[in-house]
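Residue-level listing of the chains:
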Amino acid sequence: MIRFVHILITIVVLLIFSSLVFGLERFPPPDFEETDYKIPDTNHITDVVPQQNIFEYIDVAVLAAGLLLSSYLVIKKRSRRLVFMLMIFSLLYFGFWRKGCICPIGAIQNVVLSFFDNSYAVPVTVVLFFILPLVSTLFFGRIFCAAVCPLGGIQDLVLLHPVSVPQWLESALRLLAYIYLAAAVLFAATGSAFIICRYDPFVSLFRLSGHFSILILGACFLLTGMFIGRPYCRFICPYGVILRQFSRLSKWKVTITPDDCIKCRLCEDACPFGAITIPTVDWPQDSYSKSKKLLGLLILLLPILVLLGGWAGSALGPSWARMHANVRLAERIYLENQGKVEGTTDASSAFRATGKPTEELYDEASAIRKNFYFGGWLFGGFIGLVAGLKLIMPSIRKRRTDFQADRAGCLACGRCFQFCPREHVRLKNL
Amino acid sequence: MTTQVENKDAENRIKTPLYEAASGAAIVGGIFSVIVLGLLIVNYLQIKLLDPLRTERLENWKIKLLEQPNNEQLLSQIRELDLQIRKDRIHRLDFSKKGAFLLLGAVAVFLIGVKSAKVLKKRLPHPAAPTDIQMRQIRQAVRARWVMTTTLALLAAAALFLAVKGRLDFTETGPSYATDEEIAKNWPSFRGPQGSGISSYANIPVKWDGNSGEAIVWKTNIPLPGHNSPVVWNDRVFISGANKGKCQVYCYDAVSGKLLWQADVVNQSSSGREIDMEDDTGYAAPTVATDGKRVFAIFPTGDVGCFDFEGKKLWSRDLGVPESMYGYASSLAVYQNLLFIQYDQAAAEDNKSRMIALDTFSGTTVWETKRPVPNSWTSPIVAKIEDRSQLITCGDPWVIAYDPLNGAELWRADCLGTDVAPSPIYAGGFVFGIHPYTKLVAIKPIGRGDVTETHIAWKAEDNIPDICSPVSDGEFVFILETTGYLTCYKVDDGTKLWEKDLKTNFTSSPSLVGDSLYLLSEKGVMFIIKIGAEALEPAQCALGENCYASPAFAGGRIYIRTDKNLYCIGNKD
Amino acid sequence: MQTETINRRKFLKKGLWGTCLAGLAATAALFTKKKHKTNTVWQLDPYKCVACGNCATYCVLEESAVKCVHAHAICGYCDLCTGFFEPQPRELDTGAENQLCPTGAIKRSFIEDPYYEYTIDESLCNGCGKCVKGCSAFGNGSLFLQVRHDRCLNCNECSIAAACPSQAYKRVPVDKPYLLKKMEHA
Chain A
1 MIRFVHILIT
11 IVVLLIFSSL
21 VFGLERFPPP
31 DFEETDYKIP
41 DTNHITDVVP
51 QQNIFEYIDV
61 AVLAAGLLLS
71 SYLVIKKRSR
81 RLVFMLMIFS
91 LLYFGFWRKG
101 CICPIGAIQN
111 VVLSFFDNSY
121 AVPVTVVLFF
131 ILPLVSTLFF
141 GRIFCAAVCP
151 LGGIQDLVLL
161 HPVSVPQWLE
171 SALRLLAYIY
181 LAAAVLFAAT
191 GSAFIICRYD
201 PFVSLFRLSG
211 HFSILILGAC
221 FLLTGMFIGR
231 PYCRFICPYG
241 VILRQFSRLS
251 KWKVTITPDD
261 CIKCRLCEDA
271 CPFGAITIPT
281 VDWPQDSYSK
291 SKKLLGLLIL
301 LLPILVLLGG
311 WAGSALGPSW
321 ARMHANVRLA
331 ERIYLENQGK
341 VEGTTDASSA
351 FRATGKPTEE
361 LYDEASAIRK
371 NFYFGGWLFG
381 GFIGLVAGLK
391 LIMPSIRKRR
401 TDFQADRAGC
411 LACGRCFQFC
421 PREHVRLKNL
Chain B
1 MTTQVENKDA
11 ENRIKTPLYE
21 AASGAAIVGG
31 IFSVIVLGLL
41 IVNYLQIKLL
51 DPLRTERLEN
61 WKIKLLEQPN
71 NEQLLSQIRE
81 LDLQIRKDRI
91 HRLDFSKKGA
101 FLLLGAVAVF
111 LIGVKSAKVL
121 KKRLPHPAAP
131 TDIQMRQIRQ
141 AVRARWVMTT
151 TLALLAAAAL
161 FLAVKGRLDF
171 TETGPSYATD
181 EEIAKNWPSF
191 RGPQGSGISS
201 YANIPVKWDG
211 NSGEAIVWKT
221 NIPLPGHNSP
231 VVWNDRVFIS
241 GANKGKCQVY
251 CYDAVSGKLL
261 WQADVVNQSS
271 SGREIDMEDD
281 TGYAAPTVAT
291 DGKRVFAIFP
301 TGDVGCFDFE
311 GKKLWSRDLG
321 VPESMYGYAS
331 SLAVYQNLLF
341 IQYDQAAAED
351 NKSRMIALDT
361 FSGTTVWETK
371 RPVPNSWTSP
381 IVAKIEDRSQ
391 LITCGDPWVI
401 AYDPLNGAEL
411 WRADCLGTDV
421 APSPIYAGGF
431 VFGIHPYTKL
441 VAIKPIGRGD
451 VTETHIAWKA
461 EDNIPDICSP
471 VSDGEFVFIL
481 ETTGYLTCYK
491 VDDGTKLWEK
501 DLKTNFTSSP
511 SLVGDSLYLL
521 SEKGVMFIIK
531 IGAEALEPAQ
541 CALGENCYAS
551 PAFAGGRIYI
561 RTDKNLYCIG
571 NKD
Chain C
1 MQTETINRRK
11 FLKKGLWGTC
21 LAGLAATAAL
31 FTKKKHKTNT
41 VWQLDPYKCV
51 ACGNCATYCV
61 LEESAVKCVH
71 AHAICGYCDL
81 CTGFFEPQPR
91 ELDTGAENQL
101 CPTGAIKRSF
111 IEDPYYEYTI
121 DESLCNGCGK
131 CVKGCSAFGN
141 GSLFLQVRHD
151 RCLNCNECSI
161 AAACPSQAYK
171 RVPVDKPYLL
181 KKMEHA
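Residue numbers (this note's numbering), protein chains in the order written: chain A, 1 to 430; chain B, 1 to 573; chain C, 1 to 186.
Just so you know, the hints here were simulated from the structure itself, not pulled from any lab data.
A hint or two may mislead.
To be verified - Computed list of lysine to any residue pairs in SDA-like fashion (alpha-carbon distance at most 25 Å, straight line):
| no. | chain 1 | residue 1 | chain 2 | residue 2 |
| --- | --- | --- | --- | --- |
| 1 | C | Lys130 | B | Asn463 |
| 2 | B | Lys97 | C | Glu63 |
| 3 | C | Lys170 | A | Phe235 |
| 4 | B | Lys500 | B | Asn463 |
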C-alpha cells in the first residue's frame with residue numbers, strides 16, 4: 001500500500017514558501033572551488049554616501065550673510081537694483097542650486113514636530129533656518145522676503161504687469177495663509193504630514209522635476225504671479241504670517257522716503273503688492289457713532305467666534321485625522337473586517353502580514369484622533385480669533401499723516417524708493 | 001490702477017534699439033518656451049500613456065510564448081519590442097532632463113527680455129485723480145467686513161461637510177471572524193469544529209439506504225475526483241476535486257444539491273506544472289476549510305486558493321510543490337483571521353517542514369515556523385484549552401502545540417514515529433496522538449517546552465491504527481484500525497474497555513454524534529454504534545458506493561462523498 | 001494725553017518685541033540642546049518592504065533615487081535565479097523573454113558550474129522591485145531596494161515614505177545611511 005512516488009518537476013529546487021518578512025536563506029552560500037572568485041562585499045553599496053554635513057552649515061552661513069546684506073541694501077543703501085541682484089543670487093543659490101530644500105517655511109514643521117515628538121530630533125541647521133529670518137525681521141522688517149527667499153524671488157521675477165488687488169479683498173484672502181499655517185502646525189504636531197512641503201508649488205520647479213499635478217500648480221502660480229504680485233507670499237505663505245507680526249515690531253522700518261514725507265502722492269500706486277498706506281482723513285461725525293456701536297458688537301462677537309471656530313475645528317478632527325497613515329490604515333482594516341469593502345490594499349495586507357493585533361492599531365488610531373480633536377479646538381479657535389480680529393480691524397481708525405509702507409505687508413522690495421522725490425534728492429547729494 | 005503709460009504718453013516712449021532688442025528677445029524667448037513646453041508635455045504623455053500600453057502588449061506576448069515556446073517569430077517580436085521599450089525609456093528620460101533645462105533657459109530669456117523692455121520704457125509716475133477718500137475708506141471697511149463674513153460662512157459650510165462625511169467609529173465592531181457558537185453549528189474543516197469528529201446536533205439520521213433512496217435527500221455528481229471530505233457552512237457545501245491538470249473547488253446548495261459554482265485554483269507561476277500522484281492519495285486529498293465568509297483549498301501542486309461564498313476568487317498563492325512520499329494530504333485549519341497549512345516535507349534533516357499561517361483576507365504570510373519533522377499526512381487542529389487556543393500537530397516523533405497567533409511553540413512531546421497519518425484530537429483534558437501500529441498517547445496539554453517526561457499521562461498499545469484518527473467524548477476514546485478493529489479505551493487512565501472486529505475496511509475517520517459512533521467503511525456502509533462501557537451491536541446503513549472520505553454533519557443531515565458522488569442524507573420532514 | 005498714549009503704546013511694543021526675541025532665543029536653545037544629533041537622511045528598511053512598486057513612481061525625481069542593490073554574501077548564486085528570471089523561463093539565458101527586470105538592469109555572468117553572479121547596473125535600474133519580489137519569494141532575499149544617496153535630494157518629507165504601504169521608510173543618521181540585510185545562518 002505504501003509506495004514510492006516520483007515527482008517529475010523541473011523546478012524541484014523551488015520547494016519553498018513565500019516569506020517576504022523573514023530573511024530565511026533557502027540556498028546555502030556557495031563554495032567556489034574551481035575559480036578563485038571572491039564574493040564582493042557591500043562596499044559598492046555603502047561607498048555611495050550622502051552629501052557632507054558641511055554643506056548644510058555653508059547654507060546657514062550664506063543665509064545669515066544674505067540677511068545682513070539684504071538689510072543693508074534695503075535700510076541703508078536703499079537700492080532696488082542691488083536688492084534685485086541679491087534676489088537673483090538667492091534664487092539661483094537657494095532655489096536652483098540647493099533645490100529649495102530645506103527652507104525656513106518648511107522648518108516651521110520640523111520645529112513643531114520636534115516639540116511634540118520626542119523621538120524626532122531636529123538638526124541645528126534647520127533650527128537656524130527657522131530662527132535667523134525671524135530674528136532679522138524683528139530688527140529690519142521683511143528683508144528676508146525681499147532678497148533672500150527663493151520662493152519670493154521666483155514670483156518677483158515673473159511679475160510683469162502688476163494688477164492691484166482691492167484692499168477689502170486682501171484681508172479676506174490673507175485668512176488663507178492663517179489657515180494654512182494652523183493646518184501645517186496641526187499636521188506636523190500630530191506627525192501626520194508636512195503639508196507645506198507636500199503642496200509647495202515652487203520646489204518642483206527648482207528641482208526641474210516632480211509629479212504632473214504639482215508642476216501644473218507651480219506653473220499656475222507663476223502665471224498668476226505675472227499679474228498679481230507675489231500671490232504665494234501675500235496670501236498663502238505660512239511663514240509670512242509670522243513674519244507679518246514680527247515685522248510690525250521691527251526696530252528699523254522700511255520707509256518710502258529717506259527722510260520726510262512731502263505728501264506729493266507720487267508713490268501712491270507704486271507698490272505692486274498693495275503695501276502702501278495713504279494718509280487718513282477724519283470721518284463724518286455720524287458715521288463715528290454708528291461705527292462705534294458696530295465696533296462694540298464685533299468685540300463682543302470675538303469670543304463667540306473663537307468658541308464656534310474651536311468647536312468646528314474639533315468636529316473636523318476625525319476627518320482630518322485621515323492625513324495620518326495609521327488612521328487611514330485602521331479605517332481600511334476596519335472596513336475590510338466588517339465586510340463593508342472588498343479586497344485588500346497593499347497597506348492592509350502588509351499590516352496583516354505583520355501579525356500585529358488589530359486592537360492595537362485601533363487604539364493607536366483612536367489616540368491620534370484624540371490629538372486631532374484637541375488640536376482641532378486650537379486650530380478652529382485660532383482661525384476664529386483671526387477672523388474676528390479681521391472683522392474688527394476695518395472699524396479701527398488709525399491716524400496717518402504720511403505715505404507709509406504697511407509695517408506688516410511691506411515685502412521690502414524697494415520698488416517704491418525711486419518714486420519718491422526726496423529719494424532723488426538724496427541720490428543727487430551722494 | 002498701476003502707473004501705466006497713458007495713451008497720450010505713448011509718443012514719449014523711447015524706442016531705442018536696445019528696447020527693440022529686449023522686446024525681440026522677449027518674443028523669441030516666449031515662443032521658444034511655449035514650444036519646449038509643448039514638447040515636454042508630449043514627452044510626458046508618451047511616458048504615461050503609450051509606454052504602459054506597450055508594456056502590457058509585451059506581457060501578453062510573453063504569456064503567449066509560454067504556450068508556444070518554439071514560435072521563433074513571436075520570440076523575435078518580443079525581443080524587438082523589449083529593446084524598443086528600453087531604448088525609448090532612456091531617450092524619454094534624457095529628453096525630460098534636457099527639455100527642463102531648455103525650458104528654464106527659454107523662460108529666463110523671455111523674462112530678461114520683458115523686464116529689460118519695461119526698464120527701458122521709462123515712464124513717469126501717474127497717480128490717479130484724488131477721489132473722495134472718506135467715502136473710499138468707509139466703502140473699504142464695509143466691503144472688507146462683508147467679504148470676511150462670506151468667507152467665514154463658506155469655511156463653516158466646508159467644515160460641516162467634512163465633519164459629517166463618512167464618520168467611522170471603531171467602537172461598533174463585532175469580531176471580524178466567526179464566533180465559537182457559529183463554528184460549533186457548522187462543519188467548517190476536516191473532521192468538523194476543532195477537528196474533533198464530533199457533531200453537536202441531536203437530529204442526525206440513523207437510518208438510510210442508498211439503493212432504495214430511503215432518507216437520501218439528494219445525490220449529485222462531483223466533476224473531478226478526490227479523497228477530501230465535504231465541508232458545510234449554513235446552506236453551502238464545499239468540496240474540492242482535481243486531476244493531473246486541473247484543481248477545482250465546488251460549491252453545492254445544501255438544501256437542493258445544485259452546483260452553485262465551481263472555480264479553478266491556478267497561479268501563473270505554477271500553471272502547466274504537472275505532478276504525478278498515486279491513486280491511493282489522489283490529486284485532491286487535503287480537505288477544504290471555511291471561516292464563514294471564504295472557502296480555502298490547497299492541492300498537492302502547492303496551489304492555495306481562496307474564494308468568497310459566491311465563487312469569486314479573492315486570492316491565491318503558490319507555495320511550491322511539497323516533497324511528500326505518498327503525496328501531500330494535510331487538510332487546512334482556520335482560526336480567527338488565520339489559515340494554517342501544515343507543510344511537512346522530505347526528511348527531518350532536510351529542514352524543509354514548516355507550519356505556515358496565511359492571512360485569510362489577502363493570503364500574505366503572517367508567520368512561518370520550522371518543524372523538526374519529516375513528511376507527514378496528519379492535519380492540524382485548533383482547540384480551546386483552558387481559555388486559550390492551541391494549534392496542535394502530529395509528526396514524527398513530535399506532537400507540537402503552537403500559539404496560533406504567532407507560531408510560537410507552546411509545548412512538544414516526543415512520542416510518535418514512522419509515517420504519521422492519524423490527526424490529533426483534544427478531549428477529556430487530553431490531547432491524543434497516534435503512533436501508527438505502535439501506541440495511542442494521551443498528553444496533558446498544559447505544559448511548556450519539552451513535556452515528554454512530565455505531561456504524557458498514559459500510553460496504550462493494542463490495535464493501533466495507521467490511518468484513521470481517534471474520536472472521544474471525554475469519557476471514552478475510540479480508535480479504528482484500517483482492517484476494521486474498533487477499540488475503546490477509558491480516557492482517564494487508558495484501560496482498554498472493549499474491542500470489536502467489524503470485519504470490513506475503513507479509511508475514513510470515525511465520528512461521534514450524540515451517544516453514537518458513526519463509522520463509514522470503504523464499501524459505503526455506515527456502522528452506527530451506541531457507546532458505553534461495553535461493546536454493542538452496530539446498526540448498519542448501506543450507501544452502495546465506495547467511500548474513502550470522512551463524512552460531514554450539519555443540522556439533521558449527513559454529507560458523504562463517494563467515488564464519484566456527493567450524498568445528502570436526512571429525514572425528509 | 002496724546003504723548004502718554006503714544007508712550008504707553010511704544011512701551012507695549014517694545015515689551016512685545018523683547019518677548020519675541022527672547023522666545024526665539026529660547027526656541028533655539030531648547031532645540032539645539034535636545035538630543036544633538038547629526039543630520040538625517042531617508043532610508044528604507046528592507047525587512048519591512050513588500051516590493052509594491054511605489055518606490056519607482058512616487059519619487060519626486062523622474063528617475064527614482066531608490067535602486068535595487070545586491071548583497072552578494074547572502075546570494076545563493078543559483079543557475080535559476082528567481083529574481084532574474086520570469087517564473088517559467090523558456091531557457092536559462094539572457095533572452096528578453098526570460099528576464100523579470102523591465103529595464104534589463106541585472107547582469108548575469110557565469111562563474112563556475114553551477115554558479116552565476118548577478119550584478120545590478122544602477123544606471124538602468126528604475127526601482128520597481130520586481131526582482132526583489134521574486135528573490136524574497138523563492139530565493140535568499142539578497143536583492144533589495146535602498147535609497148541611493150548620490151541621487152536622493154533628502155526632501156524634508158519624502159514622497160515615497162508617505163506612500164509606502166508598510167511604512168518602511170525612516171530617517172537614519174547621515175553617517176550610517178544604509179539599512180542593509182544581514183546574512184542569517186539558517
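Inset, instruction - Decide if the proposed pair is consistent with the structure: Lys500 (chain B) and Asn463 (chain B), CA atoms, cutoff 25 Å inclusive. - result: Distance ~10 Å between Lys500 (chain B) and Asn463 (chain B) Cα, so the pair holds.
Inset, instruction - Would you mind confirming whether the straight-line C-alpha gap from Lys170 (chain C) to Phe235 (chain A) stays at or under 25 Å? - result: violated, 33 Å
Inset, instruction - Would you check the hint for Lys97 (chain B) and Glu63 (chain C), treating anything up to 25 Å between C-alpha atoms as holding? - result: Distance ~10 Å between Lys97 (chain B) and Glu63 (chain C) Cα, so the pair holds.
Inset, instruction - Mind checking the alpha carbons of Lys130 (chain C) and Asn463 (chain B) for me, to see if they're no more than 25 Å apart? - result: This hinted pair is violated, its Cα atoms lying about 55 Å apart.
When the structure is compared with the earlier hints, violations turn up for hints 1, 3 and for no others.
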